[in-house]
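Undergrad: So you can see what is in the structure, the chains are spelled out below.
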Amino acid sequence: MRKSVFLGALTVAGLAAGAAAAATLDDVKARGTLNCGVSTGLAGFSSPDANGNWEGFDVAVCRAVAAAVLGDQSAVEFVPTTGKTRFTALSSGEIDMLSRNTTWTFSRDNDLKFTFVGVNYYDGQGFIVPKALGVTSAKELDGATVCIQTGTTTELNLAEFFRVNNISYEPVPIETNAEALQQYSAGACDAYTTDASGLAASRATFENPSEHTILPEIISKEPLGPLVRHGDDEWGDIVRWTLNALIAAEEMGVTSANVEDMASAPTNNPEINRLLGTEGNLGEIIGLDADWAKKAIAANGNYGEIFEKYIGEKTPIGLARGLNAQWTNGGLIYSPPFR
Amino acid sequence: MSDTHGETVRFVRETMLPEREPPTSQVGLLGWGRDNLFTGPFNTIVTIVSLVLIGYLLAGLLPWMFQSVWRADSLSECREIATATWGQSEGHACWAVIRERWPQLLFGFYPSELYWRPILAFALLIVAVAPVLFPWASNRLLAVSAAYPFLLAWLLWGGSIWGPVMVAAGFAILYFGVTLLSGRIGALGALIVAVVAALLWWLFAVGPVAGELARLIPIGLEPVESRDFGGFMLSILIGVVAIGCSLPIGIVLALGRQSDLLIVKALCVGFIEFIRGVPLITLLFVASTLLNIFMPPGTDFDIILRVMIMVTLFASAYMAEVVRGGLAALPKGQYEGADSLGFDYWQAQRLVIMPQALKISIPGIVSTFIGVFKDTTLVSIIGLLDPLGLTNAIRADTAWNGVYWELFGFIALLFFIFCFGMSRYSMYLERRLRTDNH
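So the protein lines, in turn, are chains A and B.
Heads up, the first sequence is in the working numbering, so the first residue is 1 and it goes up one at a time.
Heads up, the second sequence is in the working numbering, so the first residue is 1001 and it goes up one at a time.
Source of the hints: derived by calculation from the structure; they are not laboratory data.
Computed from a predicted model, the values in this text were never measured in an experiment.
It cannot be assumed that every hint is accurate.
Here are the simulated DMTMM-like pairs of lysine to aspartate or glutamate, each with C-alpha atoms no more than 25 angstroms apart in a straight line [as the list claims (entries may be wrong)]:
id, chain 1, residue 1, chain 2, residue 2
1, A, Lys314, A, Glu211
2, A, Lys314, B, Glu1077
3, A, Lys314, B, Glu1080
4, A, Lys29, B, Glu1080
5, A, Lys131, B, Glu1100
6, B, Lys1374, A, Glu207
7, A, Lys221, A, Glu94
8, A, Lys29, A, Asp72
9, A, Lys84, B, Asp1228
10, A, Lys309, B, Glu1080
11, A, Lys131, A, Asp72
12, A, Lys113, A, Glu140
13, A, Lys29, B, Glu1225
14, B, Lys1374, A, Glu179
15, A, Lys309, B, Glu1222
16, A, Lys84, B, Glu1222
17, A, Lys29, B, Asp1228
18, A, Lys131, B, Glu1090
19, A, Lys84, B, Asp1302
20, A, Lys314, B, Glu1225
Part of the chain B face toward chain A, derived, beta carbon under 7 angstroms [as the list claims (entries may be wrong)]:
id, residue
21, Ala1194
22, Gly1383
23, Gly1402
From the three backbone atoms N, C-alpha and C, an ideal C-beta is built for every residue, glycine too.
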């Protein structure tokens, strides 16, 4: 008897979960805010300022989605997640989307039942060494001690890279990035390895950045992007195409400065007109207002503007576009057509 | 007598010598040093080595702490100022980060215009615990202590006042149910009826009644979401709740473990051993992730409430064992003495056993309190922004990326003040309760 009650309760909970998952858009609209999972703190990608307002490259994606869906880029509840809690927070429905420098991998997509809606940053694992070491390539690191964060994909990549190149190394396992940097600056290891974006951000904080160099080898692919859970393709499409709208806007030259002008009257570029809702009915097809993309772009600008504002070469993070340039400039950032 | 002495002893002093100053090598700094620092060659060597070590540490630490930059907007600006002033940027603290972020480290993202609420809650906490901690505090303050849990919740989370009031009314139902009914249907019957009535009230009536009252007489504070809680306020909140609830629960568990009733005993032993066998971080993961999956989506079971419950359960299990240690240390004669006076079980516990057992356990109890308070920093692992979690968030700001020791030093100082205070209080309490005549 008791067992059947328990099973019944589970079934009801499961059904409720299914029903809720199937209509994330309605939930978000009813709630009036978007619950967006972000990192508890990663320089340039997500961080709270002194007043508790979240800012950053990943945060801007959340704000663009909120602007597209709710018309207000500040209607976001940012849920700080750690590497350990991010996936359960998403699959349990605590957050509607996760925008937290998460690498798109086979097992996360299939085994954990998530949908990666795109890539907003192509990262890869690199090495930083002191110039005094006199090393110019990662292949010269034979016998070096390497600081490495445990329990991450970077640890596995490191082992594979050294095995493939048939050179030896001595790992120094470290728990957090902060601790690793302390160990590296104290000289406890010859090299530190993590995502190249993180290395650049960290190097900028050293007392003498010019005494350290980032080696040219990138030993892994780390495509980072926002994700949603399986089971609600309509919601996944909204997040995917909001990201694509930001990317397409840069390609077509739509910026936060001129988006109002361009959207006020049809221009002579039909794709811009379709994107901004002055022609066609793309907004209606995706289940949003006609000017959804305009609002998303107006929030923090197009992809290129967001990049320059938070992690670009003029910021202390100082990342070059590299792989993250538009495909027209030799990068990998590419949006399918708005048609 | 002196005559006899006069014949047998050659010389008898008949006046006292005037008192003389003790030799300078025995008093003052020198004497103290000789007695405490330089007795024998081994101690002398230890003293000198220690002095050198302390001097070395202070030589590095003091310039770092006091030749520091207080006014800057970023770490790089700090370094520029330090280089301009002292010629190098290494070895000089950048306290500007504390200057800019101290409200955040204390209150998290709590709205700044509402800071008076946590401050008032903290001030009331001192009033509420005074009658429990100090003999000179008036017993009338106990009314504040009883109302405090509801005041705390209302002040911190805000919202309508009727929610906490109606929850408190449940306890009134419990109390009056027991006192009024116990004459008619016996103590146990009254307890069962009162508990059932109170549970029904909490589960079904509180929500609608409080909602209706809030509509009719809207008294309330601006609500603040749990997500905005953070910093030291979060640590204190979780610590105070866990400390306040774990002692009574721990006492009950310790008594249950010694009970002759098989089921009660089995339940208590099972609970204690299970909780003690599991790391706190596991319980926190259960609170943050597993419960989410079990509960239907949209259920708003506050994350901070979940964490507080888990930390309380964890502390209770340890507390139960500490109290059991105190109980085991009491001689059997105390139990038999209480029985021979005709006390029933609860009277014996209240008047004879517990006062002695708890007194024995004070060091253990306070150690557990301090441990729980420090363990609250573990919540940063499940994404709550306690002071340690905030250090990461502050470093993620490009202006402060690379600041470590200043933040950790500030947090360590705050924790030290609280933990040291608790430990000094426990020593005061032990002195006050000392009844033996040594």
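Undergrad: Each hint: holds or not?
TA: Here's how the hints hold up against the structure:
| no. | hint | in the structure |
| --- | --- | --- |
| 1 | A/Lys314 - A/Glu211 | holds (20 angstroms) |
| 2 | A/Lys314 - B/Glu1077 | holds (17 angstroms) |
| 3 | A/Lys314 - B/Glu1080 | holds (19 angstroms) |
| 4 | A/Lys29 - B/Glu1080 | violated (49 angstroms) |
| 5 | A/Lys131 - B/Glu1100 | violated (34 angstroms) |
| 6 | B/Lys1374 - A/Glu207 | violated (32 angstroms) |
| 7 | A/Lys221 - A/Glu94 | violated (29 angstroms) |
| 8 | A/Lys29 - A/Asp72 | holds (12 angstroms) |
| 9 | A/Lys84 - B/Asp1228 | holds (21 angstroms) |
| 10 | A/Lys309 - B/Glu1080 | holds (24 angstroms) |
| 11 | A/Lys131 - A/Asp72 | violated (48 angstroms) |
| 12 | A/Lys113 - A/Glu140 | violated (40 angstroms) |
| 13 | A/Lys29 - B/Glu1225 | holds (19 angstroms) |
| 14 | B/Lys1374 - A/Glu179 | holds (20 angstroms) |
| 15 | A/Lys309 - B/Glu1222 | violated (35 angstroms) |
| 16 | A/Lys84 - B/Glu1222 | violated (33 angstroms) |
| 17 | A/Lys29 - B/Asp1228 | holds (22 angstroms) |
| 18 | A/Lys131 - B/Glu1090 | holds (19 angstroms) |
| 19 | A/Lys84 - B/Asp1302 | holds (19 angstroms) |
| 20 | A/Lys314 - B/Glu1225 | violated (36 angstroms) |
| 21 | Ala1194 | violated (26 angstroms) |
| 22 | Gly1383 | holds (5 angstroms) |
| 23 | Gly1402 | holds (3 angstroms) |
Figure legend: structure checked against the earlier numbered hints; hints not met, in rising order: 4, 5, 6, 7, 11, 12, 15, 16, 20, 21.
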